[in-house]
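Enquirer: First residue of the sequence shown: 1, per UniProt numbering; consecutive thereafter.
Hint data in this document are derived by calculation from the structure and do not stem from the laboratory.
Keep in mind that the hints are not guaranteed to be accurate.
[Claimed, not checked] With a Cα cut of at most 25 Å, we get these calculated PhoX-like pairs of lysine-lysine:
id	residue 1	residue 2
1	K201	K329
2	K165	K270
3	K172	K235
4	K266	K144
5	K55	K144
6	K235	K489
7	K499	K235
8	K499	K479
9	K235	K269
10	K270	K199
11	K432	K444
12	K69	K25
13	K270	K150
14	K12	K150
15	K165	K266
16	K432	K237
17	K432	K454
18	K178	K201
19	K172	K432
20	K489	K477
21	K489	K499
22	K489	K479
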Amino acid sequence: MNPDNLTEAVTKAISQAQQIAVTRKQQNITVAHLFKFLVQPGELARQIYSDLGLKLADVDQELDDEIDKIATVEGSNISYGQALSSNLYELLQNAEQIKNEFGDQYIAVDTLTIAVMQLRGDDFTDYLSHQGITEQKVRNVVEKIRSGQKVTSKNQEDNYQSLEKYGTDLVKAARENKLGPIIGRDEEILDVIRILSRKTKNNPVLIGAPGVGKTAVVEGLALRIASNDVPENLKNKTIFQLDMGALIAGAKYRGEFEERLQAVLKEVKKAEGQIIMFIDEIHNIVGAGKAEGSMDAGNILKPMLARGELHLIGATTIDEYRKYMEKDKALERRFQRVLVNEPSVEDTITILRGLSEGLEIHHGVRIHDNALVAAAKLSDRYITDRNLPDKAIDLVDEASAEIRVEMNSSPTELDQSNRQLMRLEVEEAALKQETDEASKKRLKEVQSELANIKERVNGLNARWKQEKDAIKKIGAKKKQLDQAKNDLKQAENDYDLNKAAVLQHGTIPDLQKELHQLETNDQHADWLVSESVTADEIAKVVSRETGIPVTKLVEGERQKLLHLADNLHKRVIGQNEAVTAVSDAVIRLTGRASGSQSPIRLISVPGTNRGRKNRTGKGVSRRPV
Numbered sequence: 001m002n003p004d005n006l007t008e009a010v011t012k013a014i015s016q017a018q019q020i021a022v023t024r025k026q027q028n029i030t031v032a033h034l035f036k037f038l039v040q041p042g043e044l045a046r047q048i049y050s051d052l053g054l055k056l057a058d059v060d061q062e063l064d065d066e067i068d069k070i071a072t073v074e075g076s077n078i079s080y081g082q083a084l085s086s087n088l089y090e091l092l093q094n095a096e097q098i099k100n101e102f103g104d105q106y107i108a109v110d111t112l113t114i115a116v117m118q119l120r121g122d123d124f125t126d127y128l129s130h131q132g133i134t135e136q137k138v139r140n141v142v143e144k145i146r147s148g149q150k151v152t153s154k155n156q157e158d159n160y161q162s163l164e165k166y167g168t169d170l171v172k173a174a175r176e177n178k179l180g181p182i183i184g185r186d187e188e189i190l191d192v193i194r195i196l197s198r199k200t201k202n203n204p205v206l207i208g209a210p211g212v213g214k215t216a217v218v219e220g221l222a223l224r225i226a227s228n229d230v231p232e233n234l235k236n237k238t239i240f241q242l243d244m245g246a247l248i249a250g251a252k253y254r255g256e257f258e259e260r261l262q263a264v265l266k267e268v269k270k271a272e273g274q275i276i277m278f279i280d281e282i283h284n285i286v287g288a289g290k291a292e293g294s295m296d297a298g299n300i301l302k303p304m305l306a307r308g309e310l311h312l313i314g315a316t317t318i319d320e321y322r323k324y325m326e327k328d329k330a331l332e333r334r335f336q337r338v339l340v341n342e343p344s345v346e347d348t349i350t351i352l353r354g355l356s357e358g359l360e361i362h363h364g365v366r367i368h369d370n371a372l373v374a375a376a377k378l379s380d381r382y383i384t385d386r387n388l389p390d391k392a393i394d395l396v397d398e399a400s401a402e403i404r405v406e407m408n409s410s411p412t413e414l415d416q417s418n419r420q421l422m423r424l425e426v427e428e429a430a431l432k433q434e435t436d437e438a439s440k441k442r443l444k445e446v447q448s449e450l451a452n453i454k455e456r457v458n459g460l461n462a463r464w465k466q467e468k469d470a471i472k473k474i475g476a477k478k479k480q481l482d483q484a485k486n487d488l489k490q491a492e493n494d495y496d497l498n499k500a501a502v503l504q505h506g507t508i509p510d511l512q513k514e515l516h517q518l519e520t521n522d523q524h525a526d527w528l529v530s531e532s533v534t535a536d537e538i539a540k541v542v543s544r545e546t547g548i549p550v551t552k553l554v555e556g557e558r559q560k561l562l563h564l565a566d567n568l569h570k571r572v573i574g575q576n577e578a579v580t581a582v583s584d585a586v587i588r589l590t591g592r593a594s595g596s597q598s599p600i601r602l603i604s605v606p607g608t609n610r611g612r613k614n615r616t617g618k619g620v621s622r623r624p625v
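Produce the complete structure using the sequences and hints provided.
Expert: Pasting the structure below:
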């Protein structure tokens with residue numbers, strides 16, 4: 001057998017089969033040795049047997065058992081793993097014939113899965129036959145995976161089902177309710193729909209700062225396609241998000257990246273316009289995979305974009321677009337820009353209100369509306385290196401995670417009682433060793449305190465368990481309600497009117513009523529653990545990130561201004577006139593209308609050397625207004 005006729009995957013599997021034969025001191029390499037590595041996780045043969053309905057754990061066990069049965073040979077002049085067994089030699093001969101039948105240039109892994117079914121008297125072949133596997137069934141699965149492709153390169157296995165391997169079906173994810181709700185981006189989604197519906201330049205590129213929601217626009221389009229809320233020309237289409245990192249990763253040889261990308265594009269072309277590609281950070285395609293003597297991804301995409309064979313949505317930042325995309329004019333003119341601006345604080349609050357239910361279900365907490373308002377306002381004011389709504393969503397998520405951790409931890413009151421109990425038990429043990437009257441008297445006092453503390457700890461433990469059970473019931477009911485709402489969406493998409501009616505007028509109202517009853521029955525005010533996320537929790541998170549004390553964050557703007565003079569007087573002694581003048585100036589300037597036309601707020605504080613000018617300025621800066 002000529003090794004040049006084998007793909008890299010088959011060559012590697014034979015090499016690994018030889019190693020295990022040497023390790024186990026077995027003379028010949030068998031079919032079981034080879035398939036032991038062909039069915040490893042992530043390999044093509046494992047996918048084929050999975051598609052055939054085999055239990056992969058049973059397949060692994062069968063191959064291990066067959067290898068264990070092979071005799072071990074001891075001796076000084078024996079070569080291990082240097083010869084092929086008769087069955088393995090026959091397998092490769094069969095694979096050679098199937099290769100010629102398919103018009104392939106190399107023997108691939110899928111070819112071997114067909115060839116093994118032609119063996120007679122082989123244990124692994126007999127096992128597959130007993131499981132109901134036939135050669136024709138294997139051929140059918142292989143034809144489906146190949147999709148008409150022939151084995152023309154040594155890395156052909158990497159090119160099978162390339163879209164599924166290197167991309168994510170966003171429309172499928174939307175139908176499976178794996179995408180969250182998209183709120184406040186209707187205008188941008190409509191712009192993308194209009195551009196995709198054009199005859200020419202029908203490739204939108206979303207441009208905006210990091211964190212403003214560019215990817216959310218594409219996910220919003222996927223949600224609309226899943227619910228048929230799009231024009232006729234976009235119905236039943238699929239959006240695949242291409243992972244450029246996965247496409248480049250592991251491409252060791254020249255041309256291997258191009259092969260993978262070409263395989264993806266062939267599948268897109270074969271779909272005849274039913275697939276829309278989405279590339280996040282699209283500026284990375286300029287130069288991606290480029291090596292000496294080869295093209296980058298941008299040059300590979302240009303012909304298909306020019307002929308209209310590829311619908312592509314890109315997303316990138318303004319700086320990266322100018323740095324990379326604008327320099328390649330031939331590529332840039334194939335795209336139509338869609339600007340995605342940072343939402344206002346009010347829009348961010350609306351977005352947070354739409355996302356809060358999903359966060360509540362995930363963390364098992366209750367998020368108050370004042371927490372959402374605080375997250376939007378505080379993040380906009382104090383976290384200046386990131387953009388809305390991303391930074392506001394992160395605040396709510398982190399605050400919810402913090403409450404979730406506290407709910408699963410021992411409450412402060414119970415923890416303190418346990419520590420007190422431990423201290424008294426240590427003291428009791430020490431006093432029992434003493435014989436003097438004072439120690440005996442103290443021992444009685446300690447034992448009395450221990451009895452009270454133990455009773456208190458038992459009561460707190462029972463109370464804590466009851467509260468946790470109540471929280472779990474509320475969380476479970478919220479998940480049931482969420483699932484019912486998802487089922488309602490699916491029923492409406494499937495036009496199952498009977499199921500939709502039962503859910504909308506029966507199941508969902510009943511669950512909402514039960515949830516309201518659970519939340520009403522439990523008095524949360526005196527609970528040991530808090531399940532609520534409020535503005536205070538948001539302020540604590542902001543305080544950790546910025547270093548601004550919590551009290552200054554939660555204090556209202558009006559209170560800050562009213563108390564500014566008093567706080568400055570505490571820091572700057574003996575400059576009452578200056579402090580009052582600066583405070584009045586700050587109040588006047590703060591009261592003016594803000595905007596691009598408003599004056600810069602500068603306050604000049606002249607004075608003699610060491611007259612406390614700097615201290616006055618620092619005092620103002622420490623009271624953020």
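Enquirer: Hint by hint, say whether it matches the structure.
Expert: These are the hints, each one checked on the structure:
1. K201 to K329: holds (13 Å)
2. K165 to K270: Given pair K165, K270 holds - Cα atoms ~17 Å apart, limit 25 Å.
3. K172 to K235: Since the Cα atoms of K172 and K235 sit roughly 13 Å apart, the hinted pair holds (cutoff 25 Å).
4. K266 to K144: holds (15 Å)
5. K55 to K144: Distance ~20 Å between K55 and K144 Cα, so the pair holds.
6. K235 to K489: holds (17 Å)
7. K499 to K235: holds (24 Å)
8. K499 to K479: Satisfied, since the Cα-Cα distance of roughly 19 Å is no more than 25 Å.
9. K235 to K269: holds (18 Å)
10. K270 to K199: holds (20 Å)
11. K432 to K444: holds (10 Å)
12. K69 to K25: holds (13 Å)
13. K270 to K150: Status holds; Cα separation ~15 Å.
14. K12 to K150: holds (20 Å)
15. K165 to K266: Within the cut-off at roughly 14 Å; holds.
16. K432 to K237: Distance of about 80 Å is beyond 25 Å: violated.
17. K432 to K454: Distance ~19 Å between K432 and K454 Cα, so the pair holds.
18. K178 to K201: violated (31 Å)
19. K172 to K432: violated (70 Å)
20. K489 to K477: holds (19 Å)
21. K489 to K499: Since the Cα atoms of K489 and K499 sit roughly 10 Å apart, the hinted pair holds (cutoff 25 Å).
22. K489 to K479: With Cα atoms ~15 Å apart, K489 and K479 stay inside 25 Å; holds.
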